[in-house]
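Trainee: Just need the whole structure built from these sequences, with the hints factored in.
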Amino acid sequence: MSEPPVIQTRELTRYFGRKCAVQTLNLEVPRGCVFAFLGRNGSGKTTTIRMLLGMLAPTRGRATVLGCDSQALTPPVQARIGYLTEEHQLYAWMSLREAAAFQSAFYPGWNEKIFRGVIEHFGPRPEARVKDLSRGERAGLCLALTLAPDPELLILDDPALGLDPVARRTLVESMIYLTRRSDRTIFFSSHNLADVERVADYIAVLDHSVLRVCCPLESFRDNVREVRLGFTGPPPPLPHIPGLLQALRLERQLRVTCVHYNGATEKALKNLSPATMEILPLGLEDAFISYLGKQGEKSFILADTEVPS
Amino acid sequence: MNFDCVINTGSSTPIYKQVTDQVRRAVATGRLAVGDQLPSVRVFAETLVLNPNTVARAYADLAREGLIESRPGRGVFLIHKRKVFTREEGCRRLEPLLEALIGEAMALDFSPADLQAALARKLSQWLSENGGRKNNE
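Those sequence lines, one after another, are chains L and H.
For the first sequence, this note's numbering assigns the number 103 to the initial residue and increments by one for each residue that follows.
For the second sequence, this note's numbering assigns the number 179 to the initial residue and increments by one for each residue that follows.
Please note: incorrect hints may appear among the correct ones.
With beta-carbon atoms standing in for the labels, derived distance ranges [to be verified]: (1) H/TRP304 to L/GLY211: 31 to 37 Å; (2) H/VAL212 to L/LEU382: 33 to 39 Å; (3) L/GLY225 to H/TRP304: 57 to 63 Å; (4) L/LEU382 to H/LEU286: 25 to 31 Å; (5) H/LEU286 to L/PRO383: 28 to 34 Å; (6) H/PRO274 to L/LYS396: 28 to 34 Å; (7) L/TYR193 to H/THR225: 35 to 41 Å; (8) H/LEU286 to L/ARG227: 51 to 57 Å; (9) H/GLU267 to L/ARG314: 47 to 53 Å; (10) L/MET157 to H/LEU275: 35 to 41 Å.
Below, a sample of chain L positions facing chain H; criterion: calculated Cβ distance under 8 Å [claimed, not checked]: (11) ALA194; (12) GLU320; (13) ARG323; (14) GLU380; (15) GLY385.
If you only want the chain H side, here are some residues facing chain L, beta carbon under 8 Å, derived [what the hints assert, rightly or not]: (16) THR187; (17) SER190; (18) PRO192; (19) ILE193; (20) GLU224; (21) THR225; (22) VAL227; (23) LEU228; (24) PRO230.
Hint data in this document are derived by calculation from the structure and do not stem from the laboratory.
Ideal placement from N, C-alpha and C gives every residue a C-beta, glycine not left out.
Mentor: Printed below as a string of structure tokens:
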């Protein structure tokens, strides 16, 4: 029998007034994986994370984290979870050393070596005061405080937000370092798909409160294809194409992005009798944009605009 | 290790495939020879800042092709330099590179004869530099 998932949600739903923030979410995060939680701004990622941690009650449904109901997490269970958010509270007057001493009092498994390792990675001196840190150094301190208790499950809510490329790379390195222990699980939300491509085993995509994708990273990419159809004249109108995400109409070309590309899709496209037909794989970012961008057909925004000579 | 792997995120080529392609290319050009050791999955992943599972998948593919072998406790080694692609697949992969070469050459005002001469010159230079390592089977 396989191990129970580290995070499991059953029809997890949350309304704010009449607005649905998360809708009947069913999610499973296996132990030992790096799981990227994606979606546009306001799609419900943070609301989900807050429910997972018991900071917010679901309107319906439930979630279990490390086998416990998320609404009844006891301090010993909470100590096994590392949570990092942008609003991480720090006392400005403390030195880094004092911040570590303060935080460690709450965690029996505090590992000072991890704390120092991460801090060194990000650069600030242990004597520095919190109020004097740069944004990247501050993020490093928050990460160090979150990693030092050696949590079994790490939940990061958009950890790369506002970091410069160097600090972001350091963050990704820290995440990869954490996977040295195969029983550690990382669940993180992000908008940076280059980072996601480097570290994630699985991705889940929320779109307007609804889970649209939950699968291994590579399956997602393999599923989305761009087809370029060349025509000798203006392209014909597009009939119903199974799995169509987007279609872009150019002067003598149709570019069609499809999900679950298969024989039926191919047949429907060939029926348009194009002069040339080219099937291209998509990068993660392009696949993501096709998935979450505006659906349907469009022509290039400026196609009809004459350029004055 | 006598070869550098360069990873491009945002490419339409998945990362594990970028790794396998580059190992194959290093073998084909003689930069990696039979008996050479590759970094462990962990070292490779941390050096290139990649998920170790991605590297493990690339290594598994290369092992399945008979190109590398993992010797427990000692490391990962290149065991064979055999033909990795069928002729047909090779041609398919060469095609876009040839197109790009010809396109660039034409844009630079090379005549077909000039291009052929330049290619022949480069090829013989390459062979004299790498010829020794090309036959290390």
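Trainee: Decide, hint by hint, whether the structure agrees.
Mentor: Now the hints, each set against the structure:
no.	hint	verdict
1	H/TRP304 to L/GLY211: 31 to 37 Å	violated (57 Å)
2	H/VAL212 to L/LEU382: 33 to 39 Å	holds (36 Å)
3	L/GLY225 to H/TRP304: 57 to 63 Å	violated (44 Å)
4	L/LEU382 to H/LEU286: 25 to 31 Å	holds (27 Å)
5	H/LEU286 to L/PRO383: 28 to 34 Å	holds (30 Å)
6	H/PRO274 to L/LYS396: 28 to 34 Å	holds (31 Å)
7	L/TYR193 to H/THR225: 35 to 41 Å	holds (37 Å)
8	H/LEU286 to L/ARG227: 51 to 57 Å	holds (54 Å)
9	H/GLU267 to L/ARG314: 47 to 53 Å	violated (35 Å)
10	L/MET157 to H/LEU275: 35 to 41 Å	violated (54 Å)
11	ALA194	violated (32 Å)
12	GLU320	holds (6 Å)
13	ARG323	holds (6 Å)
14	GLU380	violated (11 Å)
15	GLY385	holds (5 Å)
16	THR187	holds (4 Å)
17	SER190	holds (5 Å)
18	PRO192	holds (6 Å)
19	ILE193	holds (6 Å)
20	GLU224	holds (6 Å)
21	THR225	violated (10 Å)
22	VAL227	holds (6 Å)
23	LEU228	holds (6 Å)
24	PRO230	holds (6 Å)
Violated hints, in rising order: 1, 3, 9, 10, 11, 14, 21; the structure is consistent with all others.
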